[in-house]
Structures are given as C-alpha cells and as structure tokens.
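*Asks:* Chain G is fixed; fit chain B onto it per the hints.
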Amino acid sequence: MEQVLLFGLLMVAFMAFAVMGVPVFFAMGLGALVFIGFSDGAVPLNVLASSMVQGMDSFAFLAIPFFFLAGELMNTGGITRRLLNFASAVVGHIRGGLSHVAILASMVFSGVSGSAVADASAIGTSMIPAMKDKGYPGAYAAAVVAAAATMGPIIPPSIAFVIYALVSDVSVGQLFLAGAIPGVLMGVYLLGAASWVAHRRQLPFSERTSMRAAFAALVDALPALAMPIIIIGGIIGGFATPTEAGILAVMYAIVISVFFYRELSWSKTWSICCECMVNSGIILLTIAASGIFSWLVANMAIGETLAATLKAMTDNPLIMLALINIVLLLWGLALEPAVALVTLVPVLIPIANAYGIDLVHLGVIVVLNLMIGQLTPPSGVITFLTAQIAGAPLHSVFREALPFTVALIAVLLIVTYVPMVSMWLPRLMGP
Amino acid sequence: MKHVFSLLDRVVLVLLGAALVTLVSVGGAQIVLRETVGTPLPWATEFSVVLMIWATMLSGYVGVRRNSHLSADFLGLNMSERKRRALRTAALLLSLLFVVVYGWQSRIVIDAMEGIPFTSLPFTQPVLYMSLPVGALLMAMALLERLWRDLRPGATV
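Residue numbers (the working numbering), protein chains in the order written: chain G, 54 to 484; chain B, 136 to 292.
Isolated chain G, as found in the complex (with noise of 0.2 Å):
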C-alpha cells in the first residue's frame, strides 16, 4: 500500500508541475525527481538517466516519425485535396453535404496519416474556409473537422496505438486490425450525427455530381486511397513490421507526390523532413520520461498492488471497464493522448490482466477514451486548432462539437461491452 501512496506522490507532484506550465517531459523528470527523494534511497538517482535511454531502446519506436513524415508528405503532396473532391462527389449533395465531406475525407486520410491533429491540419485548412463560404457557422465547421479528426488515431496507421503497444507489450499490427472497424463506426455516427444536425438546422447542399465526375474523383485519389492497403497488406502479408510499414509508406508518399503529382519539390521534402524529426522527437522525448514512469511502476510492483485492491472491492469486468472508462476520461480531458497513454497504461495493464481484460481489446477503449479527451475542455487540443483555422470563439465549438462528442461516447459503449467489435479482425487476420 506505501507503493500506491508514493505512487500517487509521484502523479500529484507530476500533474503540479504540468499545470504550473512546466512541460510534460520536464514535469515527469521531476515528478519522478519527488518520488526518488520520499523513496528513502530505495531507488538510485541515476536511474532518471538511465531509463530514459532504456524506455525507448526498442525499433517500433520509429514508427512514430515514419508515420508523421508520410502523413505529412501526402498532405503537402496534394493528396488532401484530391480525398476532398473524391468525397465530394460521393456525399457533397446530401443536406449539409460539406460536414459529410469532411467526415468522410477524414476517414479516409486517418488511413493516412495516423494522428489526429494531422487529420484536423489537413482536412481543416481547406474544409473550414469552403464551409464558411458556403453559409456554414465557423463554429459549426471547426466541430465537424474536429470531431472527424478523433478516427486518424483509431483508423491504422495510428502513432497512438503504436505508443500504447510499446507501453503494453502487445502487438501494433494486431491493434492496427482492431481499430479498423471501430474507426468505420465512429464515421458512421459521426455522419449520422451531423445528418441529424444538418436538417434540424436547414444547412445547406451542392448538386449532385455527375457519374463522369465523380469516377474522374475517384481516379485521381486512388494513388492515396491505396496507402491503407500498402500498410495494412504489408503487415498483414508478413513481408514488413509495422515500423517497415511506416518506411513503405514514407516511400509510397514520396513516389506519388514527388514524381506522380509533381506537387512537392525536392527542397520541401528536405524542411518536411527536418520538421518531422523535431516533431516526433518532441513526442518520443516525453516517451523517453515516461521510461522513468514505466521503470517505477515495474519496480514498486505498483501496477499489481493496485489490481489486487481493486479486486478486492469489485469482481466483475464489466464494473471495472466502466470504472477505466470514467478514469480515462477525465485523463483524457487533462493530458494531451501520448502524455495520458505512457503515464496511465503501465498502471492499467495489471488491472485489465487481472480481470482477463484483452490488452488489445483495451488499447482500443484507451485511445478512443484519450480522442473523446480531445474535443472537450479543457485539454481540446484538435478543438483549439480548428477553432484557430475557422476564427471562432473556442465556447462556441465545443457547444457545436456536443451532438458528435455523444455519438463518439455511443460508439465508446459499443466498442466497450461488444469487445468483437474490436476484436473479430485481429482474431480472423491477425499477424
């Protein structure tokens, strides 16, 4: 139990720091700095610089910058523009076309991209103008993309999973096949969210395009629609690691954009490159603290002495998934997902295996959890991107984004009680 306390020591004196504007990776050093110091010697101090090299001394990690460069390569290669047209042609003419355009524009570029704020970036930059002109609210447009941008980390490529399989030990391909249908979820309810808006509120609609058009659409965007089969096909055909996947789709973006498209020079390619390193590297440095977390909570058998009080209060599953749900959630609000994933999942795992949760099955519900996070207050990080783009006051998009942080927490519930939801794909096609 003197675990447990010097363990909530360490997440007391952790969240401290961050809030009084410490960042992330700083705040950890020295949240772990506090927990050394209350330990009595127990715990040598060299272990902050040990852990930090021995937490991500693993060749999955480079999968993270891998799937940044793609996603950002295929952005900037033209690749966003030609997803909007192709979902244009197909849902632009329903009521409120534009929201159903982003959504499915977003569905689409997640299996490109693998992280949401990417998602919200491209989709944003050139949906939010074209919605407002078309007599959409600013406010109203910021939400949808928002909203849509939370499937980039659940449909793969996802550099959210690939934290979490890191953190938890559990395959990223095999999580990859469980986001997938989660993710087609959430974009079904999304549109039936937006659906629901659009004629509650008379938004309005495009005519409808040509069979002609919409194949033209749908020919020019097939170099990008391919990019989910090159990662997925070549995770699952067993010729490349996830993290290879990431290389095979740096090298697909750069063959299409550079020389199919020839919308991205050579020189561009060079500062995206450097833009992605120091991006990730940011991410993968926080990463790096976390190995000090990750190395206490193994050490103080912290994780496990937790489990077992749990138990001893509650023994069914499904009182526990709900107990996680409303602890990731409020995590989720506070911490930015790769922040809330390294510090939480090394507690949860010796929860979930002591109530014979499946880690995959669980890595769905956390990302998802940590998405939902992001759309709310206060941590609203997507939230506050799109609002930037749109100039609208932050209030007024979390009230807009309302109606589709429900759907999202419907789909929340599904992929929790219904675990085949997740878990039917990586059981049938699991590498």
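Among the hints, erroneous ones may be present.
[Unchecked claim] Which residues of chain B face chain G? A few of them, derived with a C-beta cut under 10 Å, are:
#, residue
1, V156
2, T180
3, V199
4, N202
5, R223
6, L229
7, R287
These aren't lab readings, by the way, just hints derived from the structure by calculation.
All C-beta atoms, glycine included, are put in the ideal place defined by N, C-alpha and C.
*Replies:* Just chain B, lined up with the frame of chain G:
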C-alpha cells in the same frame, strides 16, 4: 550570443533532418535487400535505434528553443502579466533543475556502460548513452538563454 544560438539552431535542425533521411534510407535498404537478395543488413536495427535516440535528445533542444514541448499550462491563463512571468520563471528554473540532475547522473550510467559492446556495431554502449549529457547540455543552454531573455527589464511573457 544571438548568432551562436542561431547557428546552433541551424546545425541541430540539419542534423535532425539528416537523421530522418538516413533512418528512412537504411530501413528502405533493409526491406529491399531482405526481400530481393535475402541478405538483410545485420547492423541496420541497432544503428537505427542509436540514431533515433540521438535525434530524440537533440530535438529536446529545438523544443526548448521554440517553446514547443508538450505542455498543459492552464494555470497561467487568467493571471496578471506579473504573476504569469513569475510562474514562467519558476517553470524554467524547475526544468533546468531536472536537466542538470539527469545530465549529471548520466555520467554514472556512461561509466557503468564502459566496454559493453553492441551486437553488430563497431563501438560500445557509451556512444548511445553520450546522447544524454549532450542533449542535457544543449537543453540547459537553451533554458538559460530563455531565462536571461525573460528576466531582462521590459521583457513580455
């Protein structure tokens, strides 16, 4: 000092870009060689991990320079300019404390790793662990520079 940091920024950014290009090239070559000739590069995985860890530690410096490290600072949102400045100075000092402690402690880790070889690389583990003090030193420099800038009279938060 401004010129020194500006040069350092450019050098680190180029190193990071080059690291990512190298990682993609080595990984791509690894897949092609394994699938076509059947002889993968034995050093590729270890080399990539070492390079990634070095790049990660260097990107910490860029994060401090650009103030782009992940953060959750809601406390200062509704504070007066004076209080926000005090909070920010405290945050910078605390960050500096952590960087100095782990940078200093990495010395012990490097000593402990002395002579331990990699499986397939022609150097020993301290080459990997040297990324810790180098990253810490660069971040400490960047944090000190920001503190100096913030504490000057007339500086705004």
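*Asks:* Taking the hints in turn, state whether each one holds.
*Replies:* Structure-based check of all given hints:
Of the supplied interface hints, the one on V156 (chain B) holds, with its beta-carbon coming within about 6 Å of a beta-carbon of chain G, less than 10 Å. The restraint placing T180 (chain B) at the interface with chain G holds, with a minimum CB-CB distance near 5 Å, inside the 10 Å limit. Taking 10 Å as the C-beta cut-off, the interface hint given for V199 (chain B) holds, the closest approach to chain G being about 8 Å. At about 8 Å, the closest approach between the beta carbon of N202 (chain B) and any beta carbon in chain G falls short of 10 Å, and the interface hint on this residue holds.
Nearest Cβ of chain G to the Cβ of R223 (chain B): about 6 Å, under the 10 Å cut. The hint holds. For L229 (chain B), the suggested interface contact is upheld, since its CB lies about 5 Å from the closest CB of chain G, less than 10 Å. Interface hint status for R287 (chain B): violated, as the beta-carbon distance to the closest one in chain G is roughly 19 Å, over 10 Å.
The structure fails hint 7 only (numbered hints given earlier).
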